[in-house]
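Visitor: In the order they appear, the protein sequences are chains A and V. Offset between the first sequence (1-based) and the working numbering: plus 44. Offset between the second sequence (1-based) and the working numbering: plus 442.
Think of the hints as simulated: they come from the structure by calculation, not from any bench.
Just a few of them, taken from the derived set where beta-carbon distance is under 10 angstroms, the chain A residues facing chain V:
1) E308
2) V343
3) V515
4) L517
5) R535
6) K588
Every residue gets a Cβ at the ideal spot worked out from N, C-alpha and C, and that includes glycine.
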Amino acid sequence: MGRIIRVSGPVVQAEGMRESSMYEVVYVGYERLIGEIIKLEEDIATIQVYENTSGVKPGEPVEGTGMPLSVELGPGLIGSIFDGIQRPLSVIFEKAGPFVSRGIHIFALPRDKKWPFTPSRKAGEKIRGGEVLGYVEETPLVKHKILVPPTIRGTLREVAKEGEYRVEDLCAVVETPEGKTVELPFYHRWPIRAPRPYKERLPLSEPLLTGQRVIDTFFPVARGGCAAIPGGFGTGKTVTLHQLAAWSDADIVIYIGCGERGNEMTEVLISFPKLKDPRSGRPLMERTVLVANTSNMPVSAREASIYTGITMAEYFRDMGYDVALMADSTSRWAEALREISGRLEEMPAEEGFPPYLASRLGEFYERAGRVVTLSGEIGSVTIMGAVSPPGGDFTEPVTMHTKRFIRALWALDTALASMRHYPAINWLISYSDYIDVVENWWNERTGGLWKKYRVEAMKILQREEELKEIVRLVGPEALPEHEKLVLEVARMLREGFLRQNAYHPIDTYTPPEKQFYLLKGIVDFYYTAKRAMDRGVPFTKIKKLPVIFEIMRAKESIPNENLDQLKEFFDRALQEVQALEAGA
Amino acid sequence: MTALLSLEYKGVKEIVGPLIFVEGVEDVGFDELVEVITPAGEERRGRVLDVGRGFAVVQVFEGTQGLSPSATRVRFLGKPLSVPVSTEMLGRVFDGLGRPIDGGPEPFTEDHRDVNGLPINPFARDYPEEFIQTGVSVIDGMNTLVRGQKLPIFSGSGLPHNLLAAQIARQATVPGKEEEFAVIFAAMGIKHDEAHFFRRAFEETGALKRTAIFLNLADDPPIERLVTPRVALTLAEYLAFDLDMHVLVILTDMTNYAEALREISAAKGEVPSRRGYPGYLYTDLATIYERAGRIRGKKGSITQMPVLTMPNDDITHPVPDLTGYITEGQLVFDRELFRKGIYPPLNPLPSLSRLMKDGIGEGRTRGDHADVSNQLYAAYARAQEVRMITAIVGEEGLTDVDRKYLEFADYFEYYFINQRPDENRTIEQTLSIAWDCLSILPETELTRVSEKYIKQYYRKGKAS
Ligand SMILES: Nc1ncnc2c1ncn2[C@@H]1O[C@H](COP(=O)(O)OP(=O)(O)OP(=O)(O)O)[C@@H](O)[C@H]1O
Ligand SMILES: [Mg+2]
Chain A
45 MGRIIRVSGP VVQAEGMRES SMYEVVYVGY ERLIGEIIKL EEDIATIQVY ENTSGVKPGE
105 PVEGTGMPLS VELGPGLIGS IFDGIQRPLS VIFEKAGPFV SRGIHIFALP RDKKWPFTPS
165 RKAGEKIRGG EVLGYVEETP LVKHKILVPP TIRGTLREVA KEGEYRVEDL CAVVETPEGK
225 TVELPFYHRW PIRAPRPYKE RLPLSEPLLT GQRVIDTFFP VARGGCAAIP GGFGTGKTVT
285 LHQLAAWSDA DIVIYIGCGE RGNEMTEVLI SFPKLKDPRS GRPLMERTVL VANTSNMPVS
345 AREASIYTGI TMAEYFRDMG YDVALMADST SRWAEALREI SGRLEEMPAE EGFPPYLASR
405 LGEFYERAGR VVTLSGEIGS VTIMGAVSPP GGDFTEPVTM HTKRFIRALW ALDTALASMR
465 HYPAINWLIS YSDYIDVVEN WWNERTGGLW KKYRVEAMKI LQREEELKEI VRLVGPEALP
525 EHEKLVLEVA RMLREGFLRQ NAYHPIDTYT PPEKQFYLLK GIVDFYYTAK RAMDRGVPFT
585 KIKKLPVIFE IMRAKESIPN ENLDQLKEFF DRALQEVQAL EAGA
Chain V
443 MTALLSLEYK GVKEIVGPLI FVEGVEDVGF DELVEVITPA GEERRGRVLD VGRGFAVVQV
503 FEGTQGLSPS ATRVRFLGKP LSVPVSTEML GRVFDGLGRP IDGGPEPFTE DHRDVNGLPI
563 NPFARDYPEE FIQTGVSVID GMNTLVRGQK LPIFSGSGLP HNLLAAQIAR QATVPGKEEE
623 FAVIFAAMGI KHDEAHFFRR AFEETGALKR TAIFLNLADD PPIERLVTPR VALTLAEYLA
683 FDLDMHVLVI LTDMTNYAEA LREISAAKGE VPSRRGYPGY LYTDLATIYE RAGRIRGKKG
743 SITQMPVLTM PNDDITHPVP DLTGYITEGQ LVFDRELFRK GIYPPLNPLP SLSRLMKDGI
803 GEGRTRGDHA DVSNQLYAAY ARAQEVRMIT AIVGEEGLTD VDRKYLEFAD YFEYYFINQR
863 PDENRTIEQT LSIAWDCLSI LPETELTRVS EKYIKQYYRK GKAS
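Starting from the given sequences, assemble the full structure and let the hints guide the process.
Guide: Here's what the structure looks like:
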């Protein structure tokens with residue numbers, strides 16, 4: 045037991061802590077606030093406290109727990125909303141009312157709820173860490189596999205029979221090679237700062253489909269990959285991440301609201317139970333876990349929230365699932381690091397950030413990946429992180445360092461946002477290094493044409509940019525006919541393909557085949573119109589075609605499942621262009 | 443009573459800016475309220491920023507002028523700063539720490555509350571979606587305010603943000619509802635005549651008796667400003683969540699607030715991040731702005747309208763920047779529009795209301811509202827591009843469609859954005875002017891509006 049000697053905001057120092065270890069969880073003061081040791085010098089421990097320290101005095105006790113900061117992993121995670129240190133906010137609400145008061149000690153997983161369990165292993169079998177003992181139907185979408193803690197192995201002496209159990213009930217008894225017997229409940233704990241082990245890392249091979257056209261078609265992310273979405277305030281990071289959480293074809297979604305707005309978490313809580321997964325028709329909340337440590341909640345719990353989220357993601361990966369994790373915003377996490385570092389009076393590097401900012405970011409993104417799990421299945425964690433650069437300046441430290449660790453960048457653009465072109469992902473400065481990884485997947489489904497059309501469309505958009513420069517100098521009327529066509533088709537691509545309204549019932553999600561035929565239709569229009577102009581049709585005639593207007597609306601006027609209607613529509617559109625040739 | 447129990451110390455060792463370093467203290471808690479007795483016997487208040495064995499760092503709200511280490515006494519009160527709250531505070535004027543300064547009696551106290559409040563559990567929030575009609579077209583039509591939203595005004599020096607804030611406070615209604623409402627006005631470092639302007643504006647409309655005013659003026663102690671918005675919001679939370687009222691909180695000017703925070707941080711010798719502001723400016727501002735919203739099962743709401751001036755009209759300055767990162771949108775003033783004589787000089791392009799989508803549409807405003815707003819944005823953005831091109835190549839180099847855009851932009855600025863400071867437009871009037879603007883453009887340009895609404899509202903060949 046130690047004694048507090050100093051309190052400075054969320055950072056507390058205590059003496060008499062010689063027995064403690066780094067990253068140990070401690071209870072601080074008479075109110076037993078939860079804290080974690082972040083520095084040890086002789087018998088003095090520096091502790092970051094996860095709750096408001098108002099009123100805490102030197103002389104109050106500090107009590108060690110002997111355990112590092114950990115999360116509970118077992119049935120009951122799905123559909124929950126946790127704070128940064130995995131306390132369920134719904135239970136805090138029941139206990140403490142609408143405001144989060146402090147000193148509340150509660151379990152992450154409900155203790156009284158019973159889960160239907162089906163064993164898949166028998167007594168007498170050898171078992172190793174990470175293997176599956178059986179499963180629980182946690183929701184209609186998630187078969188929650190009960191895993192042996194990664195550190196345990198031995199012979200199964202006992203396995204619970206099929207039946208209903210609480211998480212603390214006995215699931216299995218294992219005799220270790222050393223002859224000890226270990227009793228395993230239906231959950232285990234894992235320290236959040238330690239990546240969970242796996243057998244082997246695999247190369248990435250498939251896209252994580254998001255239903256967002258500019259992402260899937262132009263700047264895809266692979267399952268197990270990392271993407272960042274930087275942008276100034278109000279450019280669309282949160283809406284995009286919400287869209288990805290809603291429509292990604294992942295098995296499990298972990299959404300971390302890290303130092304952002306309370307209402308945004310409320311919005312997910314209200315909308316996700318109503319939105320249906322396009323594949324199963326089930327409510328999206330049945331595969332989602334939320335972590336919410338909003339901007340006004342204690343800053344050290346904000347620092348922890350990222351690790352809480354990624355550890356839960358790895359746990360589901362270890363069941364052989366594809367997990368998508370969104371972190372909004374990694375900048376607020378970096379700022380929490382900076383704030384704590386400042387209180388420790390560490391030497392700052394750039395803009396007051398601690399020198400270890402880059403390595404922390406790197407460690408976080410490295411926890412993404414596609415792996416063979418300890419039980420031999422394939423699972424993945426894909427990380428998509430928002431970055432909030434001060435002043436929208438992408439050369440600031442967090443954006444710069446993040447770019448070293450991710451391979452897809454969705455760069456948001458204030459100018460696009462202010463003309464309400466959403467998602468405001470700038471197609472000229474965004475990139476994806478996963479094109480080669482996902483190319484096969486797409487080509488197999490598009491008769492090998494995907495890459496070609498993608499490149500053609502990008503060329504038109506590039507050309508538009510150059511032409512816009514010229515227009516600024518000489519005016520639009522001075523452009524040659526063919527280039528006016530390029531500008532018109534670029535507009536069709538922007539309005540009819542890139543722009544995607546998150547709030548439109550059809551437009552909000554586009555299946556991959558529809559994405560391809562929309563893109564193909566617009567690019568084919570370009571070539572057909574170009575040929576017609578080569579044969580003497582003036583541009584003004586093309587420009588007047590009402591079908592242009594219809595093409596720009598096809599994304600939202602033709603239902604997602606009516607692929608044939610879409611193809612027929614474009615056939616007709618191209619015929620209308622060809623028909624002009626007859627008159628020329 | 444607490445004063446009797448608390449210990450009094452004389453061990454002031456050092457005074458640095460607004461901070462005093464006290465030695466030989468015992469049993470002092472972090473964030474505790476402090477009374478500082480000056481050599482002249484005057485009482486000031488402060489709070490503990492850092493406390494260790496035998497020492498405490500105290501921030502003095504009223505400043506440290508006149509204090510000397512030898513003759514200053516310090517009393518620790520054993521609790522954080524709390525203020526009395528009550529309905530009787532409506533109709534009254536207080537200083538920046540919540541003490542009455544209008545000559546009236548101390549209001550009857552219904553409860554005492556810690557000014558720091560507690561974070562609202564995100565699980566307990568109710569999503570704001572009730573349309574507030576402000577009567578200002580560019581807000582109602584394109585940046586709709588909803589109940590429980592935090593929507594700041596980003597202004598510049600000399601621009602009429604006060605006029606607009608007062609107009610909104612006066613005109614804001616939820617159509618079809620008569621409910622208990624209150625306005626709380628907190629001034630941080632603004633000038634006497636500005637404070638006077640607001641007071642008169644509330645008086646003239648008879649809103650004064652529903653208004654509580656907290657004043658920390660330009661010549662008041664800057665450090666006190668750090669408390670003023672918290673005192674105001676503590677009262678707001680009481681009225682909204684204990685007494686079911688709909689409260690509009692106006693906080694002006696947040697730039698002055700942030701400067702006071704910077705001063706404290708510098709005095710503590712902290713490592714600054716951008717432009718001298720402390721790295722925790724974001725978190726600090728969030729503990730103010732997040733005290734808005736609605737709570738499940740409660741009738742009341744807190745709608746926040748912070749006002750700030752952008753130094754040098756620079757929207758990337760840390761104060762507007764970090765504010766924009768926390769609030770649910772922003773209304774941005776524009777000097778160019780101001781010079782053209784447009785009131786309110788509110789540029790829609792950098793402005794945004796993030797909660798608009800749920801507050802508008804069929805049954806709330808009108809079915810075409812979202813499409814119309816989107817199209818106005820797209821068209822005005824396009825028009826600005828055309829204006830730039832015109833400046834170089836002249837109108838002759840433009841296409842016919844581009845010329846229509848120029849015409850649209852002028853009409854839009856003069857008839858849609860522009861209105862009188864006492865003009866209260868209904869949402870129908872606003873949308874009808876919007877269609878006048880859009881009808882200037884050829885139908886094929888209206889890619890953001892669904893065909894159904896074009897058929898219903900577009901007036902072909904409208905001459906302007
Ligand atoms: N795909 C989209 N479809 C429609 N509207 C969008 C889309 N993306 C963004 N928006 C609009 O932009 C607004 C701001 O987006 P969002 O809240 O995601 O910004 P942000 O980048 O997260 O900002 P901050 O950094 O301040 O949190 C939204 O409220 C919404 O009105
Ligand atoms: Mg956001």
